[in-house]
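Use the sequences and the hints to build the structure in full.
Residues per chain, in single letters:
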Amino acid sequence: MTEQKNAENGHSEELSFWRKYVFSTDHKVVGKQYLFIALFMAILGGVMAYYMRWQLAWPETAVPGAGWIPEPTAFGGIIPPEFYNALTTMHGTIMVFFVGMPFLLGAFGNFLLPLMIGAKDMAFPRLNMMSVWTLFLASLVMIASFFVEGGAASAGWTGYAPLSADPIHTGVTWGLNLWILGLALEFTSFLMGGINFLTTTITMRAPGMTMYRLPLMVWMQITAAVIFMLSVGPLIAGAILLLLDRTVGTGFFIPELGGDPLLWQHLFWFFGHPEVYVVLLPGFGAIMEILPVFSRKPIFAYKTIIWSTIIAGALSFLVWAHHMFVSGMDPRLAMPFSITTILISVPFAVVIFAFMATLWGGSIRFTTPMLFALGTVMTFIVGGATGIFNGSAPVDIFIHDTHFVVAHFHFTLFPDVFLGGFAALYFWFPKMFGRMMNETLGKIHFWVTTIAFNAVFIPMFVLGLGGSMRRVYNPLQYDFLKPMQGINEFITYAAIVLLLGQFIFMFNFFWSMFKGKKAERNPWNATTLEWSVSYPIPHDNFATIPTVYHGPYEYSLPGNKSDWQPQHEENEPVSG
Amino acid sequence: MLDHWFPKNISTYGGEIDSVFYLIFYIVGIGFLLGEAAIFYFLIRYRRRDGKKAAFVNGERWSQAAWIIIPTAIVLVLDLWIDFAGAQAYDAIKGEMPVSETIVQVTGKQFNWIINYPGPDGIFGTEDDLTKENDLYVPVNKAVKTILKSEDVIHSFFVPVLRLKQDMVPGRTIEAWFEATETGKYEIACAELCGYGHYTMRGFLHILSEEDYAAWVSENWPDTNSESN
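Here the protein sequences come in this chain order: A and B.
Counting from 1, one number per residue, gives the positions in the first sequence under this note's numbering.
Counting from 1001, one number per residue, gives the positions in the second sequence under this note's numbering.
These aren't lab readings, by the way, just hints derived from the structure by calculation.
Predicted model only: the values in this text are computed from it and were never measured.
Incorrect hints may appear among the rest.
[As the list claims (entries may be wrong)] Straight-line alpha carbon distances no greater than 25 Å define the calculated DSS-like cross-link-like pairs of lysine-lysine that follow:
#1 A:LYS482 / B:LYS1149
#2 B:LYS1149 / B:LYS1132
#3 B:LYS1053 / A:LYS561
#4 B:LYS1109 / B:LYS1132
#5 A:LYS561 / B:LYS1052
#6 A:LYS482 / B:LYS1053
[Stated by the list, open to error] A few chain A positions that, by computed beta-carbon distances, are all more than 10 Å from chain B:
#7 LEU44
#8 GLY65
#9 PRO70
#10 THR73
#11 PHE147
#12 ALA155
#13 ILE310
#14 LEU315
#15 LEU318
#16 THR492
#17 PHE514
[Claimed, not checked] Label pairs and their in silico Cβ distance ranges:
#18 B:LYS1052 / A:LYS20: 45 to 51 Å
#19 A:GLY486 / B:GLN1064: 46 to 52 Å
#20 B:GLY1184 / A:ASN454: 34 to 40 Å
#21 A:TYR493 / B:ARG1202: 40 to 46 Å
Beta carbons: idealized from backbone N, C-alpha and C, even for Gly.
And the structure:
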């Protein structure tokens, strides 16, 4: 046994640089690769947001820092409408598919899932390696689409046909084909990832790790994986049909050739709404790990949370047409979809109330991960609440396609992906890189990010109620929007602060990776299995597979001296 | 109190949309304030203090779970209230279309609104049709039926002061109606991304008084009276 272990360790040390850090089958390395792809793509998405915001505040003036973009994409830093449309399209696509998913599912799912369930690796390590490299390729394809003639896709991240179905409407040729290809590769990557998540969780749990002893992060990851696998099929089919329309002259979405533009919308949103929860749940999963640790309390109503999220996932397949209230579909369909949409707030209300009840009676420590976790909950409430307005069919007639909707979905996805993602990163950084991130910088980063975020998106609700349409290149074109231009300028200032604030994070992240304080094995006194192994974690994680005796959140057990009970220790720990 | 958020409303059904908005705003707003206040209170009340241990409450017992079941039940009831209020307003707008004598056809085309009037005979495709670009003339206090079409991509016919928004889908004919209560000149905007000139797709809705509308009709169809008699 010991010999075998040594042999394995010896073997892993012999791996070449390439096999160890680049083409690695180690889920921990794969997870970090996802992390770096996500962070890199987030910078791209952020720069695009900056270009758009500048254009909206001071239309058709040269954007500082855009002078390098060659003609005819931009003209001396001035962004033309074609490029503006490409920016909105690519910002959305990149942030949802190349930041949200890789950050929360790719990075944390891969890194944590085997560690949390007590497995030596993923069930299919080579498939895992292939999934991250497929995503890498997908990212290259997306980036490349900016450099082909005609520019990047500019039909909106929703790619509505027939604008997207025939190059004649936008002048974008290969840019949009590459957009479809990049998305198809991304879907493939996460399908492979999802198969791995599910198989690993079902078959490779440590002895004693029953399904109801799984940390909620694992539950959220596999629920998200299942939702993704069940919903993406129709969109993959739709994407192929769209590519055929564009390249070989079919007419699935082109009415003159007998097709129907609304078919695309149904296929897109059948996937699109569940996709929101694919991104949402893993971010919530991170919060569900962090709140108990820093409240020193079990998560409130563990099983109820699991079933609520599963119900929300199931309901998410019945709400897609709420994106289509004014699309021209039969108006009689609106109310049924309005009702399912508003009802989906019920399982999420359960989860939010469970978060609140977890805090009640706790012993709360305001560390950086905890601040970000609390920030996620408190800002997400705004996103959830404003969803009720969009979900109400009559109200949606007015606010559909306005900045109200833009503000709403940023209030759901930004807290989840960025605040939740940062919470997770500050929390698990010691396990990923063996060092602590700087707390002071982390707290400054938190306050700058949340305050600036709210300053960007709260005024955007007001813009939307004033009727301001999204995806409009120059709002000064309309007399009724001119009085609100001051709000646009304010939002842009706030957005610049928000983006600059991320330099604090970037400095902290890289500085801590090399110079940060060395982390103890379990710096937060957390109970789950990933904290039972020391950094650097060997390729096969556990020298001996641990046996699990406890649920994941046994904090402050009555009768125990210490306030935590690790899952793998039969009795209470001696030191606490 | 919140009126200045919206553009002014000059349609018969716009008030219904606005009042459903206010209903949701107050319900959701109160819930939001209570929720955030509770979190702030918990954070201050239960901050870590030396010698104070956290309570062990895992919420698995019914008596504990009630703490989240009861608020959730309240959310459900409020949801249904919002749904029913919304259904009534939606029915008033999208249900039975009122009978209207004024019919216009608006066709979206990158990047203009092509407006077709059927003329005195009320039939499209006859000689007395009139076609204009970007200017839509309608009478005040009369139900107007619009026939919405598109020639190329999806556009969305959006008149903020009417609270009217309806996508125009190529290959489909979609009807919408409105009844304006005030005269004046208002902007029409395209609300669905339709290409590089999307932001320039601006039109005007001219709502005319009964006399002005009659004058506009006789100006455009000078021999109306002789023809129809």
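Hints versus structure:
{"no.": "1", "hint": "A:LYS482 / B:LYS1149", "in the structure": "violated (29 Å)"}
{"no.": "2", "hint": "B:LYS1149 / B:LYS1132", "in the structure": "holds (15 Å)"}
{"no.": "3", "hint": "B:LYS1053 / A:LYS561", "in the structure": "holds (10 Å)"}
{"no.": "4", "hint": "B:LYS1109 / B:LYS1132", "in the structure": "holds (13 Å)"}
{"no.": "5", "hint": "A:LYS561 / B:LYS1052", "in the structure": "holds (13 Å)"}
{"no.": "6", "hint": "A:LYS482 / B:LYS1053", "in the structure": "violated (57 Å)"}
{"no.": "7", "hint": "LEU44", "in the structure": "holds (21 Å)"}
{"no.": "8", "hint": "GLY65", "in the structure": "holds (23 Å)"}
{"no.": "9", "hint": "PRO70", "in the structure": "holds (18 Å)"}
{"no.": "10", "hint": "THR73", "in the structure": "holds (13 Å)"}
{"no.": "11", "hint": "PHE147", "in the structure": "holds (19 Å)"}
{"no.": "12", "hint": "ALA155", "in the structure": "violated (7 Å)"}
{"no.": "13", "hint": "ILE310", "in the structure": "holds (16 Å)"}
{"no.": "14", "hint": "LEU315", "in the structure": "holds (12 Å)"}
{"no.": "15", "hint": "LEU318", "in the structure": "holds (15 Å)"}
{"no.": "16", "hint": "THR492", "in the structure": "holds (17 Å)"}
{"no.": "17", "hint": "PHE514", "in the structure": "holds (31 Å)"}
{"no.": "18", "hint": "B:LYS1052 / A:LYS20: 45 to 51 Å", "in the structure": "holds (47 Å)"}
{"no.": "19", "hint": "A:GLY486 / B:GLN1064: 46 to 52 Å", "in the structure": "holds (49 Å)"}
{"no.": "20", "hint": "B:GLY1184 / A:ASN454: 34 to 40 Å", "in the structure": "holds (37 Å)"}
{"no.": "21", "hint": "A:TYR493 / B:ARG1202: 40 to 46 Å", "in the structure": "violated (28 Å)"}
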